[in-house]
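J.: Quick mapping for you: the protein sequence lines, in order, are chains A and B. Here my numbering is used: the first residue of the first sequence is 1, the next is one more, and so on. Here my numbering is used: the first residue of the second sequence is 1001, the next is one more, and so on.
Since the hints were made in silico from the structure, they are not lab data. For every residue, glycine included, the Cβ atom is placed at its ideal position computed from N, Cα and C. Do not rely on the hints blindly, as some may be mistaken.
Chain A regions said to be covered by chain B (calculated; three or more residues, Cβ under 8 Å) [claimed, not checked]:
no.	stretch
1	38-47
2	81-93
Here are some chain A residues the structure puts well away from chain B; computed CB gaps all over 10 Å [stated by the list, open to error]:
no.	residue
3	2
4	4
5	61
6	105
7	114
The chain contents come next:
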Amino acid sequence: DSGVTQTPKHLITATGQRVTLRCSPRSGDLSVYWYQQSLDQGLQFLIQYYNGEERAKGNILERFSAQQFPDLHSELNLSSLELGDSALYFCASSPWPSGGAYNEQFFGPGTRLTVL
Amino acid sequence: DAKTTQPPSMDCAEGRAANLPCNHSTISGNEYVYWYRQIHSQGPQYIIHGLKNNETNEMASLIITEDRKSSTLILPHATLRDTAVYYCIVIRGSTLGRLYFGRGTQLTVWP
Chain A
1 DSGVTQTPKH LITATGQRVT LRCSPRSGDL SVYWYQQSLD QGLQFLIQYY NGEERAKGNI
61 LERFSAQQFP DLHSELNLSS LELGDSALYF CASSPWPSGG AYNEQFFGPG TRLTVL
Chain B
1001 DAKTTQPPSM DCAEGRAANL PCNHSTISGN EYVYWYRQIH SQGPQYIIHG LKNNETNEMA
1061 SLIITEDRKS STLILPHATL RDTAVYYCIV IRGSTLGRLY FGRGTQLTVW P
């Protein structure tokens, strides 16, 4: 158990809909990262927050947005869903903002999103 | 960040050492080598990292060649629970925390 929790575990929805995925980082961790894992693209970095501020952006679509709240939990919002958005979405946390020697990230169990 | 090359799959007998290679020939001086693993559809798990020197922790050892162009992750006594995809990731010192996962190596440990 990494200490990172994600809800829900599974989500099934229809194309065009909007969903919100939630992540609670390990106690005391200030950084939250979101990753998407699909069969064809592998694990891809989406976005990072550090202490409430957006820190880095990866291959995140404009239809997707995220935020980190004052209590440090984070939400990933996915809108106008398409079939291709079906994937595992992982949240990770770490105590540090960044840095080569400080990249140990603790991953949650993921949310499996299925878009029908 | 430097690109890495790993074999797509390897196997190993239970109780034997598993040696997973990674090539990172374009690595630069301030880039670290990290290893993560992902057991089927679970969240990835950090294993170990290093810059120049060999490193060891309770999970594994990391051997980095003197020219730093390749490394080997060693699981000294592999168990069935070590069956997973292993990712070698090279990260710049100034990287803003993101991890770029390639396709990794599927390690299968057989009884």
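J.: Next step is simple, just say for each hint if it's right about the structure.
T.: Evaluation of the provided hints:
1. Evaluation of the coverage hint for the stretch 38-47 of chain A: fulfilled, as 4 residues show C-beta separations to chain B shorter than 8 Å, against a requirement of three.
2. With a threshold of 8 Å between beta carbons, the proposed coverage of the stretch 81-93 of chain A by chain B holds, since 3 of its residues qualify and at least three are required.
3. Residue 2/A, annotated as away from the interface, has a beta carbon of chain B within 10 Å; the closest lies near 6 Å.
4. With a cut of 10 Å on Cβ distances, residue 4/A falls inside the contact zone with chain B, its closest approach being about 7 Å.
5. A cut-off of 10 Å between C-beta atoms confirms that residue 61/A is not in contact with chain B; the least separation is 16 Å.
6. Against chain B, the non-interface label of residue 105/A is violated: not every CB pair exceeds 10 Å, the least being about 7 Å.
7. Every Cβ of chain B is farther than 10 Å from the Cβ of residue 114/A; the closest lies at roughly 14 Å, confirming the non-interface assignment.
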